[in-house]
Each structure stands twice: as C-alpha cells, then as structure tokens.
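Visitor: The residues making up each chain are set out below.
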Amino acid sequence: MHLFVSAQENNALKLKISVKENSSLTDLLQQVEHQTSYRFLYDPSELKKNCKLPIAGSYTFTLSQLLSNLGLSYLVDGVQVILKPAVVNKDPGVLSDTLLPLQLLNEVFVIGYGTIQSNYVSSSISKINSQQFHKGSVISPLEMIRGKVAGLSITRVGGNNNPNQVSTVQLRGVTTLSSYDASNQPLIVIDGVPGASLDLIQQDDISSFDVLKDGAAAAIYGTRASPGVILITTKKGRPDSTLLEYSSYISTDQLRKRPEVLSAEDYRRRMLDPHNSRRGIMIDYGATEDYYSQLVNKQNLTHYHYLSASGGTEKNLYRAALYYNSRQGIAKENGNNQYGGRLGLQQKNKDNKIGLQINLAANIKEINLNGGNLEDFEQALQQNPTQPVKDADGEYFYTSGTGYYNPIARLNQEQRSATIQTLAGDVKGTYQLLPHLEAAVTGAFFKRNRTEHNYISKNAKNSIDNYKGGGFEEQSSLIDQTQTLEATLNYKLEKDKQYLNAITGYAYQRNVSTSFSIGNSGFMGDGLPWINIGSGTDLALGKGDMKSNKTANKLVAFFGRLNYVYADKYIAAVTLRKEGSSRFGTNHKWGMFPAFSFAWNISNESFIQEFSFIDVLKIRAGYGITGNQAIPEYQSLITLGTGGAYLNNGIWFQTYGPNKNPNVDLRWEKKKELNWGLDFVLFSNKLSGNLDIYNRTTIDLLANYSTQVPTLITPTIYTNVGSIKNKGVELTLHFNAVRKPDFSWNIDFIGSAQRNKLTKLSDDLFKATYFQYGSLPAPGSLGYAIRAEEGEALGSFYGKRFAGFTNDGKWLFYKADGSKGTAAEMSTNDLTYIGNGIPKYMLSLGSEWKYKQWEFRLFFRSKLKYQILNLPNLYYANKKMLGNNILSAAYSKYQSLNDDPQYSDYYLEKGDFLKLDNVTCAYNFRTRNKLIRAVKCYCSIDNIATLTSYSGLDPETEDTGLTTGIDTRGGYPPTRTITIGVNLSF
Amino acid sequence: MNTKTFLLSALLSTSLVACTNLDEEVFSNIVAGNFYKSKQEVTAAALRPYTHIGASMFSWGGQRNFWRLNELTADQLALPQKGTNWYNGGEFIRLHYHTWTPDELSIQNPWDLLYRGVGFCNNVLSELKGVNPQKIGMTTAELDAIKAEVRVLRAFCHLKLMDLFGNIPIATEIGVPSIPASPRKDVVAFIEKEVKEAVEQLPVLNDGNIGRMTKAGAYAVLAELYLNAETWTGTQRWDDCIAACNKILNGEVGGQNGVAKLENNLTSMFSTKNDKSPEVLFSIAYNFAVTNYRFQWNNDLWHYNQKDFYNANQSGNNGVVVAPDAYDQFKDNDLRKSTWMLIGPQYKFGTTTPVVGTQEYKGKPLVFVKEIRRNSEGKTVSDMTQGEENSGARFNKYVPGQYTDGDYWSNDLVIYRMAEIYFDKAEAIMRKNGNQATPEAVELINTTRKRAFKPEDWATEAYTVGTLTMDELLAERGREFIFEGKRRTDLVRFNKFAEGSWWDHKPTATTKKVFPIPATQIAANPNLHQNEGY
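First to last, the sequence lines map onto chains A and B.
Residue 86 in the numbering used here sits at position 86 of the first sequence, and the numbers go up by one each step.
Residue 1432 in the numbering used here sits at position 432 of the second sequence, and the numbers go up by one each step.
I should point out that these hints are in silico values taken from the structure, not numbers from a laboratory.
One thing to keep in mind: the hints can contain errors.
[Said to hold, decoys possible] BS3-like, lysine-lysine: derived pairs with alpha carbons at most 27 Å apart:
1. B:Lys1261 to B:Lys1379
2. A:Lys820 to B:Lys1512
3. A:Lys236 to A:Lys315
4. A:Lys660 to B:Lys1147
5. B:Lys1364 to A:Lys879
6. B:Lys1379 to A:Lys810
7. A:Lys127 to A:Lys686
Construct all of the structure, not just a fragment, from the sequences and the given hints.
Guide: Listed below in structure tokens is the structure:
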C-alpha cells in the first residue's frame, strides 16, 4: 500500500506550457500529455471549482510545479495520473520555482460491492497498482504480482514456464482439507463479478489488484472467502482523454538446467564393469541418443499483441481492447494461441442519476496438449541412450518395457489438443434514488466451453498395446456456465466529522457444468489428425466409451456492511452475510458470516503531532468468519449410481445402488480469523509499510472422512470434523531511498512467516485417524509420503528413518524401538514424522532505480525452512534401475547405495532458496511527435539465478494445498525467460 | 407514486421475492425417493450386490480385497518384490510373513468392501419393504424370492467377514450407529438362520437364473458354514455339513445346463462358456461384449505381456506368483499342474514366437521359473524380496479366449462349484470318523481327482483309505482349489495357518488366525474392540 505519490518518471522534466486567454484546464493538460508519457484522469466538473489557471504567457516548469500552481494534487497510477483538487490553492498569478511538497492522497481500495479510501480501511487489504506489476511475459495475470503481496503464494512448480499450466495460488497457508475444486485458491472477482475466470483477463486489461486477506475484509464474500479474495479492477476509459495504446512483447524460454543422465558412452562403460550386478540385463542397441534434448524446443517463441482504444466524455466512457497471444513452451508440441477482447462501456443520463456499465469479454484459446507432459520427460530420462529413436527402416523403435516407451515416438504418433471458448458479460445499472442513496442491480453471465480431441495413431505403442493396433480417438467437451444476479442499496453520508457508508444487498449465483465424452477404436484409416470417430469398429463390440454428466449448484446471499469514520481518527466496519448453498443438508444450507473491524488513526491525534517524523500511524484489529463450500454436489442426498450390468434371466440389466453415504447434516466449513495490523508512513514518506499478525482457525473441516461400516454403505462420508489453526506475521515495507528530480531509488520488502497445525480431527460422532497424500508411484509403489494427523502440522512427511547402509549397500532403517532393520523388516509402526514441505518463510525484495528516462528493476524471492523430497533421485539415482538409463548421481552422491528404491528421510533435502527472479530495464523515449504520445521499451529476464543447497533441478516445489514439497519425478524443464517489449500510446 | 418511490420499491421487492430456493438440481444421478417404482427398477436394485461382490471382493482387479487376504497370507501364492517393482510399502511382504498391523490398507479395504456388500443388501431389503408387488406387476412370491436371495447374499458377506475378522458386527439395517461386534458363534447362528429361512423361498438353479443366488448357492454356503463351524464356534457340525452337501449331490438344487455335476475335464468350469458348465453352483456372471465389464484377473495375476499368450488385449502387472514348494506339491503327471499353471518358455498365441520380457529379461525370451530368486544376478537366496520378472509359476486357470472371439473374456467368476461339495462332504466324513478316511470319503475325493490324470496314470494316483490322510486331504484341496480364494480358511481349519511353515515362511502366533479390526473402524466406532494380539 502506497499512501503517497511516489517520485515518478519525468518528474524533473522541464515542460513548456503556453497559456492563452481562453485556455482550458484540458488544453494545459494535453500539452503535458504530449511532452510526457502521463495520461490524466480527472473529473473536469469537480476540478473546475477549485482550479485557477495561470495568466496567459509561456512557462517552463516541472510537472509537480505546474500542478501545485494549478492547485491540484495527483496520484500516479502507471502512466495514468489521477488529478484531484488539493487542499492548498495557490495564487494563480504567481508561479513558484521551488519544488513544492506533494499532497497526501488516499488511494481507493476495492472492497467488494464498493470502494473505500485507504485511510478509512480497518482490515487487512493489499493493493497492487499497475505500475508495480511485474513487466514481461506472464502466463497467468496473477503472476504479475508474484512476491508482491505478503502471505500470497503464487507458485510455478519447479520454476516451469509451461504455457498450458497455471500457477497455484494460496493466501496465508492451507486452511482446508478439502481439495475439491481448487478450494485452497482465493476467490477471483473481476469488476465485481465473483467466481470469474482468469482466462478472460489479459495483463494489459488490469488496472489494479486488491487482495482481501483477513476474515474481516473477506467476509463480505462469505461463502468462498476462506481462502481469501482477489479483486481485479480492469482499466476504464477516461473523460476527455482519447487514447490508443499498443503493447507487445516477444519472449523466449531458455533451458536453465536438465537432469544429468548416463551418456551412451557411460552406459556402455557400465556394461563392462564386473561389479555391476545389472550388466547382464543392459543392452547395447548401438546408437547414441539424447532423448531429453529431442523433447526440447530451443526455438520457442512467444509473442503478445494488445491494442486498446479508450476515451469518452463525462457522460459516457468506453474502452475496447483486442489481443492476440501465441505462446510456445520449452517443450515441443506444447503451446497455445489465444485471441479475444474486452469491451467496457459506462454511461450516465442527463442528470447523472442513472448509470449503466456494460462489460463484455471473450477469449478463444487453442491449446496443443500433446507435448510438455511430465511423463514424456520422465521417459526421456529413463531411455537407454544406446537405443535408437528410429530403426534402420525409419520406423520408431520400441522395446518391450513396461512403464517404458519411446517418448519421441509417442510425441509424433499421438495428438492431444483442446479449444477453450470463454465468454462473459455483465451489466450494472445504478440509480441515485436520493442524494445519498444509490441502488444498483448487476446481472452477469459466464460460459466456458472446453472441447478436447485426442488421437492415438494406429502404429503407436499405446494403440498396439491397448487397442490391437486399431488407433484410438476421443472427443470430449466440458461446458461451465454461471449466472449471477446482484442487487444493492448503497447509502453514503459525509457530515461534519463523520463519514458513513452503509450497503445492503442480495446475491444469486447458479453454476451448471455439463460434460460429454466419446471414445472409439478399431479404425481402418489413419492420419494425424484422424477425425472420424464413427468409423471405428470397437464401439459396436462393446469396447468403446461414452459418458455424459451434468451438475448444478446455487448460492444465494443477503448481506450488509457499515463503514463509519469519526474525525478521520476512529474507524469501524461491520459486515454480515447470510448465505445459502445448495450443496448442504436441508437444515444446514444457510450460514451466517459476520465480521467487524476497528482502526485508530493515531497520527491524526493532536498528541502525536510533536513527533514530526510520523506521517501516518494507524492500528487495526479485525475479526471475521468466512465459509467454504468446496465439496461435490449431492452429498446430502441419497442418490443411486450405476453398478455395472448384471444378468437377469438372459437379459443384462444396468444395476443401481446407493453410490455414497448421504449426510443430511452437511454444513458450512467456517474460518474464524483475528487480525492485528499496523500501517505507517514515516520521515516524510521516506518509509512506509504495514504489519499484520493473524490467527485463523478453520472449524467443521469439510472432507471425505472414514466412517462406520457397518452400518453405512461406503467407508467414507463427506462431513464436517476437526479444525486447522494457522498463525502468521506479514510485513510490507516501502523505502524511498532516493527521491531526486532525475534520480529515484525505491526498495520494497515483503516478508511473511506462517505456521499451521491440524488441531483436531475428531468430534463426538466421528474420529478420523489420518489422511495421506503424495502417493509414491510404481515401480515399487512405496506408499504415501505425507500424513495429516491430529496434533501435527500439515505438509508433514511421514516415513522411515535412514540408519545407514549394510556393507553391501543395503538399506537399514530405524525401527520404533531404536534398533536397525532392513526394508522388509519395517512395519507401519516404525514410520514417523521426518520433515515438512511447506516453507515457513516467504520473502521478496524489489529494488527500482530511475534515472532520467531509464528504469532498472531487480526482484529477489526466497522461501525458507522446508524440506523437499527428492523424488527424481529416490527413483532414478539408483544403480538398481539400470537396464533403463539412470541419473549420473547414482555413481557419485549415491555411490554407496546398492538396493532397490525406498522412501525415507534419506531423500529429504533442505529446500531453502534465494532466486533472482527478475531483472528489467526500460527506457522511456522522449517524443515530440504529434502522432505518438509515448514510447516505452523494455527488456526483462525472469528466473535468472537461484541460490540453494537443493540438489534437484529447482527448489520451488508445490507449496500450496496438501501435497507439498515433493519434487516431480519427470519435471517440466526449468527455464529462464527473456522478454523484449514495447508500449506505444497515440 | 413518483419514479423514485417506484424504483425503490421495485428494487426492494426484487430482493424480497428473490430466489432463495436451494434444492439440489439432479441430472445424472437417480434420487432414491424416485426409484423402486417398477419391476425393472426393483430388479436393477436387487442385482446391485452381485456386481459389487464380483467386481471388488473376488475379482482380482488390483483391489485389496478378500481374495488377497485369504491367498497372499497362505502357503500357495505370494506377491514378492521383483527388483524395483512390487515393494509397495512392504504390504505384501507383511501379508506373507504375518507381520501386518491394524493400519494396513490391505486389511481395511476388504472389511470396507465386504460391509459395502452388506450395505447394498440392507438397502435393497429396506427399500423393498415399501414396495407393493401388485402395483409393479410382480407376484408376492417373486418379490419374496428376491428378498430371500438378497438375505443369503448378506449372510454370505457376513460369513467371509467373520472368517477374516472373528467377532464382527451383524448389520441388518443402514444408519444404526456404533453397533458392537457379536461373538463368532452368534454370527454363525445368524448366518445359519438367515440362509435356512431363505433357502426354501429360493428357486433351484437353472439356465434362467445363472449368476444368481439359488438353492445351489445357499446350500453351498451352509456346507462351508458347517464345515468350519468347529473352528468358528467350537461346535462340530459334521452331520449338518453332510446333509447340506447331500442336498446338492442328490440333485435337489438344480444346475446349469441340467443337474449340477462334476465336469470330466479341467477347463470347462473356468472357460468363457462356463455359464453352461454343470459344475458351477454359484458364480458372478460376466459378458464382456454386452456389458463392457469383465472378471479382471489380469491385473494381479498376469505378467506384463501375458496377453500375448492368448491374443488378448488387457495388460497385467506381473504380481502374484505360485510359491516354489506349492508348485512342487503337484506331481508332474498331475494335469492340473500343466493346465492351471504356466512355467517355462512362453509363446505368442498360436505361434512359436517367444514372448519377450520387459524388465530383467527385457528383449529376451520370457521363461517362467519355479524359483523366486534373482537368477539374472546369479543369486540363490529365495525370499519375498528376491523375486524378479520371471519368478514363480503363473496363473492359467481362467483363460479369456482371443480378442476377436464373440464371447471373449465372458468367463463367469466361480464362487462355489461341485468339486468343493465333494471335498466338504469327504472332510466332514473323515473328521467325524476320527480324522480317518472311509471308503465313501475316498470315493468322493477320487471322483474329483480322476479327471486330473491320464487314464494310464490313474491306477497309481488314486487314493485309498490308507493314503488319504488329513494332511493329504489338505494338500489335495490345495491342488484342486489353487487360486480360488479359499486357502487361508482351509489352513486355519487344519491348524496349519499360524502353525505351519512353507517356502520362506516360519510359524507365527495363533492370534494371527484372525486379522485385526481396521484402525479406521476402531477409531470410528467406540463399541468395537481390537482383536487379541493386536
């Protein structure tokens, strides 16, 4: 949160302003617009009252001088300048040459169903404006604020830049045991429409992110607010400012690190080693191949083009944008093309009493899903390097391995693609009923249609193994639809020293999901692609596949909020939301989500005035209850599912039986959160920051628990049991180290610490034992890596403790009684807690220098205090896996091991890392060109360097959700991204 | 009314009349209240327990099921670690050495699956209470027969549970909380009462009720109950066992394709056409072509490339193998050895092209060997951790036919067959006779054994009263029913389960004769108490 105007670009630039007798404010500002990259946003009618223009003549002065003399203060938002009348109104005839102090301005925070100025905020909210966004190539717009909000984790597992994979997002730690429907991910609200899709938003659409972090702030979105709320505000047209903008970048990913495997030469040498017990099963096929590099697309190129037009008058504003974005990953056949647009219109009637806002957004995304899958990279690692990709006849070479296939052949003999069409629109009508009372009704729709086509050609191994060489074609579609209706009444009053804002409303949302898929095999024809699903013969033979399904759920809410401020000192907010979800039991559908918060603006007290170094000092306290309904539909109903066909007197009947245990008492999971906060600005805006301390407890955890069988039918039931506690501290600091006319230096520090504990996993009715996560796959199927048990931290690794090797390199582990034993002698009682994969600390440091037209940024990120289970080494840095290829580490770090893979703390490594995440250099061209208003060029490099002791490819493992800290066996290649971009405005 | 007031009231009324209906909208599931309204729906519900029993209690589809617990803890079959494959957290090693704990999924899942079977039965019985047969075009007798059938299935599930876990809760209704375990003798009494009451209402087995619980299946359940009654309750029921067997042997229970009788060969009762086999008394019916469901023995029991032996199209996971000394229990001239098991080099169907290995023998001909040891590394140690790709003789009892066959993989899963009745009766006679054979017992066993030998060998292979000892009876029972999920029960009855040694297995404690109650159930149900020794 930046309460003050920061020293901005071109601040010291001398502007030449000519004032005529009949000049208007707009004339003057347009002159500035032509000489700088600033664009002004203001309400002319509001400013006219306060603004006095200088007498006619020609002047030279800086922007701040001009605006101070006009009696205006300003807030910079990227290149967009928001003008406001200042408190001080200078004599228009006298132009001062001294740099006047900038006026304190309050940012406007979006808080759900309304906004509030920052000095009236009493809960924990972070705002990130567009000028703070990460510049460069991002796959999901949320990545623009990665590391910039304390406590918000935005993770790309293994530092991957797979264009078809989204980041995982989590705020303030894991708060639920339900993993249904990404229930740990914050609720996304775009321009007031909750549950929106990030597919509909491009990086240049966004004006700001507001993150509602604590329970008090989030409770207005009661239902899905437990994981936090991210409100995205899109850019809007501005009055009297007709603007055309084009922004574009190209970027490419470079391989940063790859797994080190035996080369063909190494492999052959190992075959001659008399001590190698596996030499008898190693085969030299005579070739020399590097499979991994053949999956890599070194020439990958991503480009992005975004064109927008905006403008309008006081009565109507518009902004329209179109974009095209083509992304290629570092893997072959791994990318997408997307195009779409966004249109925003705002109009007011004659007397400004009726307003209408319309937003329309569309996105079409064509995705190549064939390449870039982790299984291919895992296979590449295992392929015998002497085995040719193609045989002498030019056919793909296959061997008889199980769980072993030629990934290059698979890539070329199979196809997998998807098209996603997303369309959304919303309309909001407002009516000023009384001077202080406004009514609003919003209607919104959303539709996302994902179709997928897969084809396995006839001669592919998969086809030969599973479809008798008949090929396989599959088509599927998934349609998600959402309808939203919201109505609010908003009462706002400012009188004397009091400020009051009351809002009440109703919200309705219905989600429908429809899926359909068909699969067939037994084709005569073949081709890539082959699209003629009816021509296969296997459907008729009962070997085809056909499915369809439809689900729906509804949310209905009544809510209200009251914000009250007295004398700019005492601030209070109360929220209440009553919400119902169709997913719960008949008598438990409705939940109540109250919240209240208070703040004391100490800096406005007279006794603080003697401490002149304090500009702002505010303490906050808030408490709020939020909910979670992330479970599948129909869990409270007795439903019957198909059980397969059975014979009845010569006829095969589809059978039906109960497919789950219904729970009529199923109710809301609730999170109670207490948050203490401190906001401060010190030393004339030199140092500002926020400190938040929170304590959250989630109760009535929704999960699929083990239950009594008998007499229930299935061994699990969705119910509410247990609680999780999360505690944490978050600190945000902004330091204006240097603020001079042509040089500025800002430093931003963000840090958070977080602890969690599964405090209860039982109640009067249910006593759950534990949950397990992170199943370690074949070969060996070594069991689960992570256990969640009452009294333990979530994300805890649970397994054997390494006790050394025998003389011939066999595993020894500790038994519960302290003695040592072999793997075969271990029982479930000998397993224990051996580590944790959730980072305790997340830190980031950004530094920004501006010198004349130059900008330079460095951004560091760090996660500390956690362990990583090095799964690639566990399975593949092991001589026993020879036959297939193995990691070279088997002959260095793991030289003494001579036994089959086992899971134990031996493979847990310290994960702590420090990454130089981004370096950006930008140059703002000075343009006198009438046509072009501003040109900005930048070059940005992501994922530059990593400092860590972790021996795997990248220490950034999954840290959201319940399966954390396990490195991927066949990871997506970690990359460095280089971006060159340009922003033009006309 | 001015515009303002109008709009305000319009807005308010929008809020007030706004939709607050939160009923679930169901599109793809049937809601229970709308079902059981026709004969077809009642039948669809009544058949549900069968597909469950087939798919998850005995079908070897990679499930941790009853079959795994009853075979992988016994002396014939094992799932050894094979190099980097099949350590599986030590699960199968612990089953083999009897070092399991109450936490094991291998123990929890069979409990859950069997009680789910009980739950399906209870659901049918509870829903049928409200059905008026006349309204849906059924006769009262037809509806009663369905109820009787489901009651026997429920009793059967209880029997298997009680066999595994000892004292268990008797469940006859859904949703009754925290019911305690009943002593084994009460469970036996419950099963006996249920089956005896129901059996009279059941039809005889005929070609119209293949795959259903009929008099044939019900008497087979009773025969098993009485044969094991001494083990389970301490009370001998040999005469009751003989009487139940006689009902079947005397042709009073009908049969598939005529009256139930022994096959004269070793394959018909397991073939894709075994719905025509008179040896089958109770089976789970499958027809892969019509239903896309099949009896999945391939997952646990087939080598990765075993489909090539048959020109089939399903893969195996190279799991369960025959222990070396169990294989040696078959004489070389025993046709069951060469028919029901595979050893030596393997060829693609109908050719002399060798099937190749994929692991230690990748690219080399696949040759199954009797031993479980790492021949590829020249090692001679044989234990549960020393298997490799080709270790142990393999399963060939059920054979799917070719991919292109019309009845490909339509083998019904046989749960009770005539041979077992012969064995049950012979054993009851011998036990009644002070564990000595009688001519009648010898005749019964020889009748089933004869088909396993060529006529020229029979003279030396037939049992006599002197040669058919109790140990020999157990061994012969093992040979006849290998792979059929009965071995642990038999070993316990012969006091060889906890007391016996086989392959690399040493005797364990008598408390191992029952498994622990799963830890999840001890936690969930305060009225359940852990079995002794756990």
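Visitor: Report the numbers of all earlier hints that the structure fails to satisfy, in ascending order.
Guide: 1
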